[in-house]
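J.: Going line by line, the protein sequences match chains Y and S. For the first sequence, position 170 (counting from the first letter as 1) is numbered 170 according to the numbering used here, and the numbering increases by one without interruption. For the second sequence, position 205 (counting from the first letter as 1) is numbered 205 according to the numbering used here, and the numbering increases by one without interruption.
Incorrect hints may have been included.
When the alpha-carbon atoms are kept at most 25 Å apart in a straight line, the in silico SDA-like pairs for lysine to any residue are as follows [what the hints assert, rightly or not]:
{"hint": "1", "chain 1": "S", "residue 1": "K113", "chain 2": "Y", "residue 2": "F8"}
{"hint": "2", "chain 1": "S", "residue 1": "K107", "chain 2": "Y", "residue 2": "G180"}
{"hint": "3", "chain 1": "S", "residue 1": "K74", "chain 2": "Y", "residue 2": "S25"}
{"hint": "4", "chain 1": "S", "residue 1": "K101", "chain 2": "Y", "residue 2": "A136"}
{"hint": "5", "chain 1": "S", "residue 1": "K74", "chain 2": "S", "residue 2": "D63"}
{"hint": "6", "chain 1": "S", "residue 1": "K93", "chain 2": "Y", "residue 2": "D171"}
{"hint": "7", "chain 1": "S", "residue 1": "K203", "chain 2": "S", "residue 2": "E66"}
{"hint": "8", "chain 1": "S", "residue 1": "K101", "chain 2": "Y", "residue 2": "L138"}
{"hint": "9", "chain 1": "S", "residue 1": "K101", "chain 2": "Y", "residue 2": "V168"}
{"hint": "10", "chain 1": "S", "residue 1": "K101", "chain 2": "Y", "residue 2": "L172"}
{"hint": "11", "chain 1": "S", "residue 1": "K107", "chain 2": "S", "residue 2": "E66"}
{"hint": "12", "chain 1": "S", "residue 1": "K274", "chain 2": "S", "residue 2": "A226"}
{"hint": "13", "chain 1": "S", "residue 1": "K105", "chain 2": "Y", "residue 2": "G180"}
{"hint": "14", "chain 1": "S", "residue 1": "K107", "chain 2": "Y", "residue 2": "S185"}
{"hint": "15", "chain 1": "S", "residue 1": "K203", "chain 2": "S", "residue 2": "E30"}
{"hint": "16", "chain 1": "S", "residue 1": "K93", "chain 2": "S", "residue 2": "L174"}
{"hint": "17", "chain 1": "S", "residue 1": "K74", "chain 2": "S", "residue 2": "R224"}
{"hint": "18", "chain 1": "S", "residue 1": "K116", "chain 2": "Y", "residue 2": "G180"}
{"hint": "19", "chain 1": "S", "residue 1": "K153", "chain 2": "Y", "residue 2": "S182"}
{"hint": "20", "chain 1": "S", "residue 1": "K105", "chain 2": "Y", "residue 2": "E183"}
{"hint": "21", "chain 1": "S", "residue 1": "K153", "chain 2": "Y", "residue 2": "V168"}
{"hint": "22", "chain 1": "S", "residue 1": "K253", "chain 2": "S", "residue 2": "A226"}
{"hint": "23", "chain 1": "S", "residue 1": "K116", "chain 2": "Y", "residue 2": "R177"}
{"hint": "24", "chain 1": "S", "residue 1": "K101", "chain 2": "Y", "residue 2": "S182"}
If you want the footprint, here are the derived chain Y segments under chain S, 3+ residues with CB under 8 Å [what the hints assert, rightly or not]:
{"hint": "25", "region": "171 to 182"}
{"hint": "26", "region": "190 to 201"}
It should be emphasised that the hints constitute simulated quantities derived from the structure, not laboratory data. By construction, the Cβ of each residue, glycine as well, lies at the ideal position given by its N, Cα and C atoms.
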Amino acid sequence: MSKARDSFLRTGFVHAALIAYTLVSLFPVFLTIINSFKDRNAIFRAPLTIPTPQTFSLIGYETVLGQGDFATYFQNSFIVTIVSIALVLLFGAMAAFALSEYRFRGNTVMGLYLAIGIMIPIRLGTVAILQGMVAANLVNTLTALILVYTAQGLPLAIFILSEFMRTVSDDLKNAGRIDGLSEYSIFFRLVLPLVRPAMATVAVFTMIPIWNDLWFPLILAPAEATKTVTLGSQIFIGQFVTNWNAVLAALSLAILPVLVLYVIFSRQLIRGITAGAVK
Amino acid sequence: MGSLQLKSIRKAYGSHEVLKGIDLEVKDGEFVIFVGPSGCGKSTLLRTIAGLEDATSGSVQIDGTEVGHVAPAKRGIAMVFQSYALYPHLTVKDNMGLGLKQAGKPKAEIEDKVGKAASMLSLDPYLARRPAELSGGQRQRVAIGRAIVREPKLFLFDEPLSNLDAALRVNTRLEIARLHRSLKATMIYVTHDQVEAMTLADKIVVLNAGQIEQIGSPMDLYNRPANVFVAGFIGSPQMNFIEGARLGDTSAKTIGIRPEHMALSRESGDWKGKVVHVEHLGADTIVYIDSEQAGTITVRLFGEHRYAPDDIVYATPTVGSMHRFGDDDRVLA
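This is chain Y alone, in the form it adopts within the complex:
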């Protein structure tokens, strides 16, 4: 930023606003984590203090890990999230390529139709989806969740990726055609590597709602063998008694994998977000 346009006061305000927002965002996470390391009394008596030697307790984690099933829950969440992201990226990129690259009748209408999916929440169709899954014998399978999440993630993925794919040079694709690359090779070998930052952006935007979702696991796959972490944590929340230690511990553990995936994608993500703005 140039010195002439850079006043101390303005920078100060910008930073103050950003810091305040960061604190607001991080505070619940911070609270969850510190309380997950306290005993039950300390959680209620002094929820805002960090664990002291007197109040420090791993009882929550012991409960969660001792339950045994949590390994399965994590595994389920992982399978559902990873497979859904993979499918969303694959089909989203392919559809985006078709929409941005080929001129065909109904191209614009198709693009709009897919964009509508961003605006209409998929949960409105829950009843129909459940009926469909029952009919297809997919209730209580991870496949059911993967199918729903793929459908849920595709509209945004196609929207973002087709914008990015329009920026890939036509000459490059044509050079590939003259060199004898098939349309599939052009897509996989020339275009995909160039839109990798956009793919990472889409991956993160797709991943977080899937990992955190409670609704569809609860409705489509509530069986013990197919529970996800978010649904699994609910067993500690009772109508009358809630095992807060266990709930907080489970939530803290659930943050970790997302964090790891995010770090993997984030380097790409930052490039993706700034790619349009800063050239």
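Please build the complex by placing chain S on the supplied structure of chain Y, with the hints as guidance.
T.: Just chain S now, with coordinates in the frame of chain Y:
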């Protein structure tokens, strides 16, 4: 081997016609340049020859074989793009070899051909680099190398020099001319720069609004332009156009005279006028004159001359250098 026949090629996007019936014959080993203002359809025509666009109607034949339904890679062509269009994630060597690899050629043959092309273009030291590590001129040489390696029947160039700076442009132009001589290949080249067209071509095709205005050797077009458009497009500074009636020639609508085909004197001559502006280029002096008989005209003098604005001068066209155009803007016999 590499001849090309185009027969009444038409191309329309919806109701907008970009190419309005192009007929053209290119002989083996010829260097043909499509030139014209932007939007005249020259790039579209090149893409149609390459197979990257389908013609709405008409036929494209390479070496006498109809290629209308043949994929670009199977037409025996290679293309060099304005934006280089190198594969960013491949090294120079892989960029050049990809076409052959796709065609399933043995590794040793690919190595050999890439090596030859690289030494022809002095790219040997850069074979292991990626395009991002090369300068603009080097990138365009790699793109040309990629075309050479394929040993095509037809080289297609789509404004290959437009992204290069002036000095590099001259060098690369020489390089392409040299390549054409040594490879004796058929080349088709699109440009909007008439200097490139005049210096490189065996045959220039002047296009305007989707139609061919004239086909001929550079000197043909310069000395015998078929119509007002070609006369104005070829040659710099532009030809002077004067209404025939002003010069007492009632049979011609327009009379054209090139700026370099006029003499200038302070004492006497055909057209009296006042100097409006003078450009001193060292080798040339370009004088803009507001004349009584002919209106505003441009005169190009060789060498240095001391004229200043507001000087009174007399311009005299060289005998036999006038071009006369009729009511349809075509040249009069």
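J.: Against the structure, test the hints numbered earlier, and report the numbers of the ones violated in rising order.
T.: Numbers 1, 3, 4, 8, 11, 12, 17 and 21 - these are the hints that the structure violates, sorted from lowest upward.
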